[in-house]
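The sequence shown maps to residues 11 to 294 in the working numbering.
It cannot be assumed that every hint is accurate.
Label-pair restraints from in silico Cβ distances [claimed, not checked]:
| hint | residue 1 | residue 2 | range |
| --- | --- | --- | --- |
| 1 | Asp13 | Pro262 | 38 to 46 Å |
| 2 | Pro176 | Arg15 | 42 to 50 Å |
| 3 | Thr159 | Arg15 | 44 to 52 Å |
By construction, these hints were calculated from the structure, which means they are not laboratory data.
Just so you know, even glycine gets a beta-carbon here, dropped at the ideal spot from N, CA and C.
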Amino acid sequence: MADDRVAQARAQLEAIAAEERADPKIAHYTRWWLDDGVAPAAVVLLHGVTNSPPQYDRFAPQLHARGHAVIVPRFPYHGYGDRMTTEIARMRAADFTSTALRAVALAALCGRRVVVAGISVAGTLAGWLAARTRIDLAIAVAPYCGLRTVPGAANDALGALLRAAPNAFLWWDPRNKQNQPPEHGYPRFATRVLGECLSISTAIAGAPPGPHARRAVLVLNANEPAVNNAHAERRFRALREHGVELERVVLPGLPPIHDIIEPAIPQEQTELVYPPLIDLIEAE
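Given these sequences and hints, build the entire structure.
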């Protein structure tokens with residue numbers, strides 16, 4: 011017999027997915043892997059900006075097979091069938107945070123522990139959650155707290171500039187342009203949205219006293235080509251002031267790619283990345 015809490019979470023997730031399916035623009039929906047009972051851990055997996063829930067279609071079933079509940083929410087304006095959509099430019103920091111908070115609330119119904127993991131801006135969002143919610147563990151993979159080519163503190167000013175300036179669409183890969191994989195992600199990003207993402211980084215240090223995570227882990231690529239690892243470390247140290255236990259893990263042997271989670275790209279590294287993430291999730 012299904013636990014009432016899990017049944018409640020499942021009903022809410024089905025309602026979310028039904029609303030998404032009713033929108034003809036959306037091709038990739040919120041996903042979840044739940045059993046009838048409360049799991050040892052409920053893991054919220056947050057996809058990256060311009061990506062969508064299929065980013066975790068290889069990782070989530072592995073976690074579920076190990077007995078965990080898994081929820082992969084879709085962020086607003088993501089997962090559209092039209093990969094060249096301009097709707098992504100409407101995304102705001104509050105869209106990220108509200109989606110993540112709702113997923114955490116649902117996860118709390120499904121597991122004895124709640125774990126949040128995210129890549130890039132979703133990694134930064136995991137840090138934002140760690141400073142504000144009673145999750146057990148936040149895993150921030152290659153968090154986007156700033157660009158590698160921009161000095162640390164200047165990234166806050168860059169974020170403010172990008173939010174105020176007229177939006178522009180730029181290719182993630184100017185060579186591949188619209189052919190850039192994965193098929194469930196967009197090949198372009200909106201500059202204003204990158205500014206919104208940086209505001210989430212700024213807000214990690216600005217969280218008021220109150221509920222917080224027990225533990226957070228920074229997972230970094232030693233050969234990170236895009237985001238500023240040193241600035242991310244400085245920003246995440248602010249979590250200690252909230253009482254969060256902070257750990258840093260640097261993954262060696264990875265090539266210079268930013269999205270080390272995505273399985274549907276030619277340079278995917280999931281065999282090197284997934285096992286240590288599973289170890290972190292199950293370490294408690």
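Hints, verified against the model:
no.	hint	in the structure
1	Asp13 x Pro262: 38 to 46 Å	holds, 41 Å
2	Pro176 x Arg15: 42 to 50 Å	holds, 47 Å
3	Thr159 x Arg15: 44 to 52 Å	holds, 46 Å
Violated hints for the displayed structure: none, as all numbered hints are satisfied.
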